[in-house]
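Novice: Sequence:
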Amino acid sequence: MKYRSVFDIIGPVMVGPSSSHTAGAVRIGLIARGLFDGKPDHIDIYLYGSFMETYKGHGTDVALVGGILGYDTDDDRIKTSLQEAEQRDIDVNFIEMFEERSHPNTAIISMRNKEMEISVEGISIGGGKVEIVAINGFQIAISGNYPALLVFHKDTFGTIGKVTNIFGDYQINVGSMQVARKEKGELALMTCELDDDIPQEVLGKIKEIDGVQTVSLMGD
Numbered sequence: 001m002k003y004r005s006v007f008d009i010i011g012p013v014m015v016g017p018s019s020s021h022t023a024g025a026v027r028i029g030l031i032a033r034g035l036f037d038g039k040p041d042h043i044d045i046y047l048y049g050s051f052m053e054t055y056k057g058h059g060t061d062v063a064l065v066g067g068i069l070g071y072d073t074d075d076d077r078i079k080t081s082l083q084e085a086e087q088r089d090i091d092v093n094f095i096e097m098f099e100e101r102s103h104p105n106t107a108i109i110s111m112r113n114k115e116m117e118i119s120v121e122g123i124s125i126g127g128g129k130v131e132i133v134a135i136n137g138f139q140i141a142i143s144g145n146y147p148a149l150l151v152f153h154k155d156t157f158g159t160i161g162k163v164t165n166i167f168g169d170y171q172i173n174v175g176s177m178q179v180a181r182k183e184k185g186e187l188a189l190m191t192c193e194l195d196d197d198i199p200q201e202v203l204g205k206i207k208e209i210d211g212v213q214t215v216s217l218m219g220d
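Every letter in the sequence shown is one number past the one before it in the UniProt record's numbering, and letter 35, counting from 1, is 35.
Hints listed in this document are in silico derivations from the structure and should not be mistaken for laboratory results. Each hint should be verified, as a subset may be incorrect.
In silico lysine-lysine, DSSO-like type, Cα no more than 30 Å apart, as pairs [stated by the list, open to error]:
| id | residue 1 | residue 2 |
| --- | --- | --- |
| 1 | Lys-154 | Lys-205 |
| 2 | Lys-182 | Lys-39 |
| 3 | Lys-79 | Lys-129 |
| 4 | Lys-182 | Lys-114 |
| 5 | Lys-184 | Lys-207 |
| 6 | Lys-154 | Lys-207 |
| 7 | Lys-114 | Lys-207 |
| 8 | Lys-114 | Lys-154 |
| 9 | Lys-79 | Lys-56 |
| 10 | Lys-114 | Lys-39 |
| 11 | Lys-129 | Lys-56 |
| 12 | Lys-39 | Lys-154 |
| 13 | Lys-205 | Lys-184 |
| 14 | Lys-39 | Lys-79 |
| 15 | Lys-182 | Lys-129 |
| 16 | Lys-39 | Lys-205 |
| 17 | Lys-154 | Lys-182 |
Model, not experiment: these values are computed from the prediction.
Start from the sequences, fold in the hints, and give me the full structure.
Specialist: Okay, structure coming up:
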């Protein structure tokens, strides 16, 4: 196995006892926060496997909420994130799930307010590293280590090509791309992990494509 830095071996600088159960949980929360792009009024957090068994002792509960509030892995405010969420009038519920998932460290974060709702499923794979494996029921695989673009669009001919043409015009390199749909001709999700950040001008052009409904950027 190749490592990009010493932190891939010893784990990140963090608050909490576990890189998997604490630092990884923070990063899942941070990604969910970025995808929601607003203040949720209500959060349901479904915990599976080892997350469900040890979430209080290892601080997974405060870590997930801390990430949703925007705290990074080394932020001391993680310890009081549940109280902070309450002060912000955010209702948080933890639901213990006994069914097995593909990975023992799995959390599904469901957030909503009056304007929008999103469900993000993440797994903590060790050393503070995470993967996002589903968004709103669409199966995906995003590492969270690179900027990622998520485009919800109608499943019609040419939409994916129009997005990639814009990338080509702005010399944006795509590291990986996935497309998913539930039914032919219905809502689809295109996810692209990129080598560089995307200028706002590019996001604006993608939003103008016929059939594109929402565009979200998941930062590095």
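Novice: When the hints from earlier in the document are held up against this structure, which numbers fail?
Specialist: none
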